[in-house]
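Go by the hints and put chain B onto chain A.
These are the residues of each chain, in order.
Number of protein chains: 2
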Amino acid sequence: MKRRLVSVIVAFPLLCQCVFAQTTDPVRVYRRANEHRILREFVELLSIPNVASDAEGIRRNAARLVEMLKARGLKPRLLEASTPNAPPAVYGEWTTPGATKTVVFYAHYDGQPTDARKWTGTRPWEPALRSAPFEKGGRLLPMPADGEAIDPEWRLYARSASDDKAGVISILTAFDALRAKQLSPTVNLKFFFEGEEEAGSPHLVEILSRHKELLSSDAWVICDGPVHQSGRKQVVFGVRGDTNVEVTVYGPKRPLHSGHYGNWAPNPAMLLARLLASMKDDRGRVIIKGWYDDAEPLGEAERRALSEAPAYDRELMKELGIKRPEGAGRPLLELINEPSLNVNGLASAETGALARNVIPTTAVAALDLRLVLGNDHRRQVARLVAHIRAQGFHVTEREPTDEERLTHPLVAKVIQEPGGYNAERTRMDLPVARAVVAAVQTTSAGPIVLMPTLGGSLPLSLIRETLGAPTLTVPVANYDNNQHAENENIRLQNLWDGIETYAALLTMKFQ
Amino acid sequence: MKRRLVSVIVAFPLLCQCVFAQTTDPVRVYRRANEHRILREFVELLSIPNVASDAEGIRRNAARLVEMLKARGLKPRLLEASTPNAPPAVYGEWTTPGATKTVVFYAHYDGQPTDARKWTGTRPWEPALRSAPFEKGGRLLPMPADGEAIDPEWRLYARSASDDKAGVISILTAFDALRAKQLSPTVNLKFFFEGEEEAGSPHLVEILSRHKELLSSDAWVICDGPVHQSGRKQVVFGVRGDTNVEVTVYGPKRPLHSGHYGNWAPNPAMLLARLLASMKDDRGRVIIKGWYDDAEPLGEAERRALSEAPAYDRELMKELGIKRPEGAGRPLLELINEPSLNVNGLASAETGALARNVIPTTAVAALDLRLVLGNDHRRQVARLVAHIRAQGFHVTEREPTDEERLTHPLVAKVIQEPGGYNAERTRMDLPVARAVVAAVQTTSAGPIVLMPTLGGSLPLSLIRETLGAPTLTVPVANYDNNQHAENENIRLQNLWDGIETYAALLTMKFQ
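Protein sequence lines correspond, in order, to chains A and B.
When we follow our numbering, the leftmost residue of the first sequence carries the number -1, and every step to the right adds one.
When we follow our numbering, the leftmost residue of the second sequence carries the number -1, and every step to the right adds one.
Warning: the hint list may mix true and false statements.
Identical chains blur together in the list; that is why a pair holds if it fits in one copy or across any two.
[To be verified] Cross-link-like lysine-lysine pairs, in silico, PhoX-like; alpha carbons within 20 Å at most:
id, residue 1, residue 2
1, Lys251, Lys116
2, Lys251, Lys316
3, Lys411, Lys321
4, Lys134, Lys316
5, Lys179, Lys507
6, Lys251, Lys321
Hints are computed from structural coordinates only; laboratory data are not their basis.
With the rest of the complex left out, here is chain A:
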């Protein structure tokens, strides 16, 4: 009984400090006094459609960012690729008197494409607050008027609320807080907001190459991705590489009545099912020849970090309704250190109300291939193509001609989309790595998580290869943010925490 009482006594002040108490932390004081303004600026930015292929929307976002940087005295400019209409990066800078090191702070302002009809009660570019996640009964709330309290458990729903305009707002508001409280950054600051990350960064290398001197630095800090599923902050030392491949298989040249021709005309949906099924075993292991051959094993520091990271698989399984994950019982954190093959989507003719009794003409699978250190994205795609050929398919990169159709029983069009890149990992013992870890740790009561790699991807290999700078990723979003899907959202407390994290990073001890 006594011991229990003691622990309650100890825990209570800690809780108070986090949630209720008066604070003397200047960044927190600043944020509390400015929540309404921060939210307004965020909502305004989220209201501008930001799919990388929408040139007009992207330009409006970039123009808004330029205004935001200008208002802060950060000397903004657009960094353009040579291709007309390619999304520009938005650049800004701040010179710190006496600083010897320079750090680039990165976020991206574009978001994943989305079908507005799939959103529940809100729309992608009409930001809306809910009292909680809508799956948990969160109800829609009006935007709070000045003076009205803002509950940190509220969720803001919009495309890129988490991924990755939250990054832009966290970085810039951290800067605001320092300025307002007359605190100085410890390093020279550069800001790089990319406009096509979700499209695979097809022009990033060109933009970096064109501005090597402007972008020279000692390190990049990347604000993207979610914090750990346990809610703990994390520093991530690497990312998987990524490339997308679209596979189309062919049936008859025109859709056929499934009665008159069923049993005779080849059905592309079934051919695609058989092809996909040939790629993985029933535990989710990729059985394409050589798939895992190039992967570099984890080092000692990485294996230790993994073993120290909190295990969260059981909770995730419960929350996501998963009885048996892939991987034959190995933990998620281990599995994301391997290359993957994921089906992003399938389509053939129609299902549901528009379904008709037809033999479809084509069936399409959108695949993404995640890569780890040692993999090369072109080599991995070549393995996939070889596998498709080994299943008897004639592989082409264009719509098949009549002659191809009449020569080959099985025809597949396989397109590697532009913008693939390889994995990246920064050594945990670099001085900048230590400085980043120490800075983030100052903002957290418990130990932060050190993650050798994110399962997700960022074009970090392109940054190191082009500019020579190491990269460290410090995420801010809640893990259940529906990133990349409909109903993307951010939990406000994650944004508030993110501002503190980035204020600590702007003042990190890296000399």
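Then chain B, alone, in the frame of chain A:
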């Protein structure tokens, strides 16, 4: 040389008679004098949206048909199901003095659902003429003014242009021609135009049962489906049964970032691919246990008819771009006498421009199961369900609960859609069968095709089971009509021929 010359001489007048020559055939004379009016009435009917689930459109179609029957003195009435908003059948009748037999002429006025965006240059319910099929460069034409020539090779594009408003127009125009030329039918006529055939006729049995006496007859003649691929007219003695099944498999409860969770969260698109692949072998043979067990073998007459039917597989393969059909070399006509399992459509998350790097939450396959004599649609679906269970799936008919997801590694929702029915075949030696064959043969220079069964389906078993009447199917549409798909069309010569076919059937020698 001589023999060749002779055959040219013989063939030429035959050709002239069909295409160019003056004719004394009163039905043809009538049609030639009335092509513009027939086309106008057809276009008007095709302009009314006619998907069975669109209650308002269906009512407008039914009202238009009632007007058309009334104008012809055919005493129309609507035959309703008890369910509100179920599509009514449109009934009409004509008593022939002295006739001892009664024949019901059937067509359906509803059409398959369709996505207007998939049509090429025209829209489903805005009928438009082309000079030829658009794949062969057919250009859009204005509707011909009175007096302008109408080329019989023109195509009329619209939903149901072939399937099956062409049936309604063929039957009613044949009746017009007889009346105009003071020719009398030989049998009492009843007309039954169904409004939900493409939805699987879920209320047909109820409507037939409610009006048994009104609908009493010696036989039904069904105008639906295409003529033989060779262009020859055909009489069809049976149809396959049909039932639709939708299979949904489940992944995580919310869409997940494919990087952060790929390799760990089960992917429903891959699970569905594996499930579908388990259903057929690489020759298209269904490997679900017992799939072919109930099928009655063909009789002697049917096998003879099949062997006499023109082989058209080579031409079809060339036209459709198919190098290797399913069925290990067996001909199409033989294969459609077996039960089938067809994937009508697949969907999981998105492909193409909307594709995102996600692990989808569900994957859906729309299946149709064609049935032959001996099969029962409920029994065949039970086999499918047993197979899905044997692959390790927990099978449910509702969205799975959280508990089901957390109890079973694999969950599939399997829904048999309403409206399935069994196959039907009429004996070739019945008097009415002989009369129908003889009547159709009088309208054709070459031998017509006798087809034991269509690959497609019509609810003919429901008619025989409910009313006891045998059914014979006499199609009119061109085989390349894109039935059930986008860009449905009819070749005008097929409509003209159909009118002559049905005039012969209204005057068949069946006493």
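Do the hints match the structure? See the list:
In this assembly of identical chains, Lys251 and Lys116 lie within 20 Å of each other by CA distance solely across copies; the values are 15 Å between and 31 Å within a copy. When the C-alpha separation of Lys251 and Lys316 is checked against a cutoff of 20 Å, the pair qualifies only between copies, where the shortest distance is 10 Å, while the shortest distance within a copy is 45 Å. Within a single copy, Lys411 and Lys321 get their C-alpha atoms only as close as 35 Å, which misses the 20 Å cut-off; across copies the closest is 16 Å, which meets it. Only within a single protomer do Lys134 and Lys316 lie at most 20 Å apart by alpha-carbon distance; the minimum there is 15 Å, versus 56 Å between protomers.
In this assembly of identical chains, Lys179 and Lys507 lie within 20 Å of each other by CA distance solely inside one copy; the values are 19 Å within and 103 Å between copies. Taking the shortest Cα distances, Lys251 and Lys321 sit within 20 Å of each other only across copies (12 Å), while inside one copy they are farther apart (41 Å).
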